[in-house]
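**Q** Top to bottom, those sequences are chains A and B.
Under our numbering, the final residue of the first sequence carries the number 196; numbering is consecutive throughout.
Under our numbering, the final residue of the second sequence carries the number 196; numbering is consecutive throughout.
Be a bit skeptical, because a hint or two may be false.
Given that identical chains are not distinguished, each listed pair holds provided it fits within a single copy or across any two copies.
No farther apart than 20 Å at their CA atoms in a straight line, the calculated lysine to any residue pairs in the SDA-like style are these [as the list claims (entries may be wrong)]:
1) Lys-157 x Thr-49
2) Lys-47 x Ala-135
3) Lys-177 x Arg-28
4) Lys-157 x Gly-126
5) Lys-157 x Ala-50
If you're looking for bench data, these hints aren't it; they were derived computationally from the structure.
Residues per chain, in single letters:
Number of protein chains: 2
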Amino acid sequence: MTTIYLAGPEVFLPDAMPIMAEKRRLARQFGFEPTGPGSDENQTPVKRTAAEIYARNDDAMRRAEICLANITPFRGVSADPGTVYEIGFMIALGKAVFAYSNHPDDYGLRVRSIWYAGLEIDETSGRPRGPDGIAIENHGMADNLMIDGGIEATGGKVFRAATLPADPARDLTVYFKALQTIAGIPASFTPPSSPR
Amino acid sequence: MTTIYLAGPEVFLPDAMPIMAEKRRLARQFGFEPTGPGSDENQTPVKRTAAEIYARNDDAMRRAEICLANITPFRGVSADPGTVYEIGFMIALGKAVFAYSNHPDDYGLRVRSIWYAGLEIDETSGRPRGPDGIAIENHGMADNLMIDGGIEATGGKVFRAATLPADPARDLTVYFKALQTIAGIPASFTPPSSPR
Numbered sequence: 001m002t003t004i005y006l007a008g009p010e011v012f013l014p015d016a017m018p019i020m021a022e023k024r025r026l027a028r029q030f031g032f033e034p035t036g037p038g039s040d041e042n043q044t045p046v047k048r049t050a051a052e053i054y055a056r057n058d059d060a061m062r063r064a065e066i067c068l069a070n071i072t073p074f075r076g077v078s079a080d081p082g083t084v085y086e087i088g089f090m091i092a093l094g095k096a097v098f099a100y101s102n103h104p105d106d107y108g109l110r111v112r113s114i115w116y117a118g119l120e121i122d123e124t125s126g127r128p129r130g131p132d133g134i135a136i137e138n139h140g141m142a143d144n145l146m147i148d149g150g151i152e153a154t155g156g157k158v159f160r161a162a163t164l165p166a167d168p169a170r171d172l173t174v175y176f177k178a179l180q181t182i183a184g185i186p187a188s189f190t191p192p193s194s195p196r
Numbered sequence: 001m002t003t004i005y006l007a008g009p010e011v012f013l014p015d016a017m018p019i020m021a022e023k024r025r026l027a028r029q030f031g032f033e034p035t036g037p038g039s040d041e042n043q044t045p046v047k048r049t050a051a052e053i054y055a056r057n058d059d060a061m062r063r064a065e066i067c068l069a070n071i072t073p074f075r076g077v078s079a080d081p082g083t084v085y086e087i088g089f090m091i092a093l094g095k096a097v098f099a100y101s102n103h104p105d106d107y108g109l110r111v112r113s114i115w116y117a118g119l120e121i122d123e124t125s126g127r128p129r130g131p132d133g134i135a136i137e138n139h140g141m142a143d144n145l146m147i148d149g150g151i152e153a154t155g156g157k158v159f160r161a162a163t164l165p166a167d168p169a170r171d172l173t174v175y176f177k178a179l180q181t182i183a184g185i186p187a188s189f190t191p192p193s194s195p196r
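Whenever a hint applies, use it, and build me the whole structure from the sequences.
**A** See the structure below:
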């Protein structure tokens, strides 16, 4: 069975356990074996050190064949940084990496609405800049170009919501669509086998 | 000569070119050959597509032996997401990865001061949570535990400022100290050779 690493910030939600259980249930429904952060949290919770958590996730990423990452903005403009780390890590390992976002706006629009809310953007220099002079990426991507760029360069796909759902931290509509697409991709896409 | 990939959000600054030139000059002073995003921008600027920028950075990361990443908070609580992607990517490739932050506060403190500014934090459940119920990592690390955890698990180090400098986006004091330490590390630390 193909193992899928479910990256995302759901571990931080107050209702992490039922949300993550539902994500795993859906992954199994599409024929995947789910793994990822907090994937054993339906058993008795265990207090782990940061190093232990890192080691468990590192190992799970190496064992998985596919990554499906939730890059919905987390406390700001961009995806949860732990999730971004995992996307870069799994792309470097040659895994098949996919992502989804429940936010319909691209990165450049979110920098304007979330970070520079209401402030004037300088569009005169050929590159949009905030009032602090810092350039705003405008490649139309879901997040920083390394994230979308890495996923697209290796044959993956970033799935984006058409409209913002009522509960972006928990909505599973785009997640479901992503699983469906990944499960249906042609056999020629089979990711390289895990290095261990 | 050991090639060092200088990851960081300086490419977005209005004065990106002189800042990045100074970072490269300092790296050379310590015996490193610098590479990384925008590293040819002292020549005539070339307009590249997102895919071209990604491919150039991907290639530079594979060719480099060491990464030194600027994880000073960028437009919010955490490091620039492109930089975080690069840290995960280079750790997965087996490179020696180091990071520095010009912000002295750990991640948990910054979530409180930058994101939940002034709002009450719930400390009653054994895990601090914002008023939205979302848990706040409190491992005392510079950023999300995957970042510090990955760097520390592979023998690297996160260098942090003792106090916030006047210009956190440009200050090079901690960067200089990081270069000095990396240049002085024993030969037994020599990172594995690049896969191509």
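**Q** Hint by hint, note whether the structure agrees.
**A** Evaluated hints:
1. Lys-157 x Thr-49: between (33 Å within a copy, 18 Å between copies)
2. Lys-47 x Ala-135: between (41 Å within a copy, 14 Å between copies)
3. Lys-177 x Arg-28: within (14 Å within a copy, 49 Å between copies)
4. Lys-157 x Gly-126: neither (29 Å within a copy, 38 Å between copies)
5. Lys-157 x Ala-50: Classified as between; 15 Å across copies, 30 Å inside a copy.
Against the hints set out earlier in the document, a violation occurs for number 4 only.
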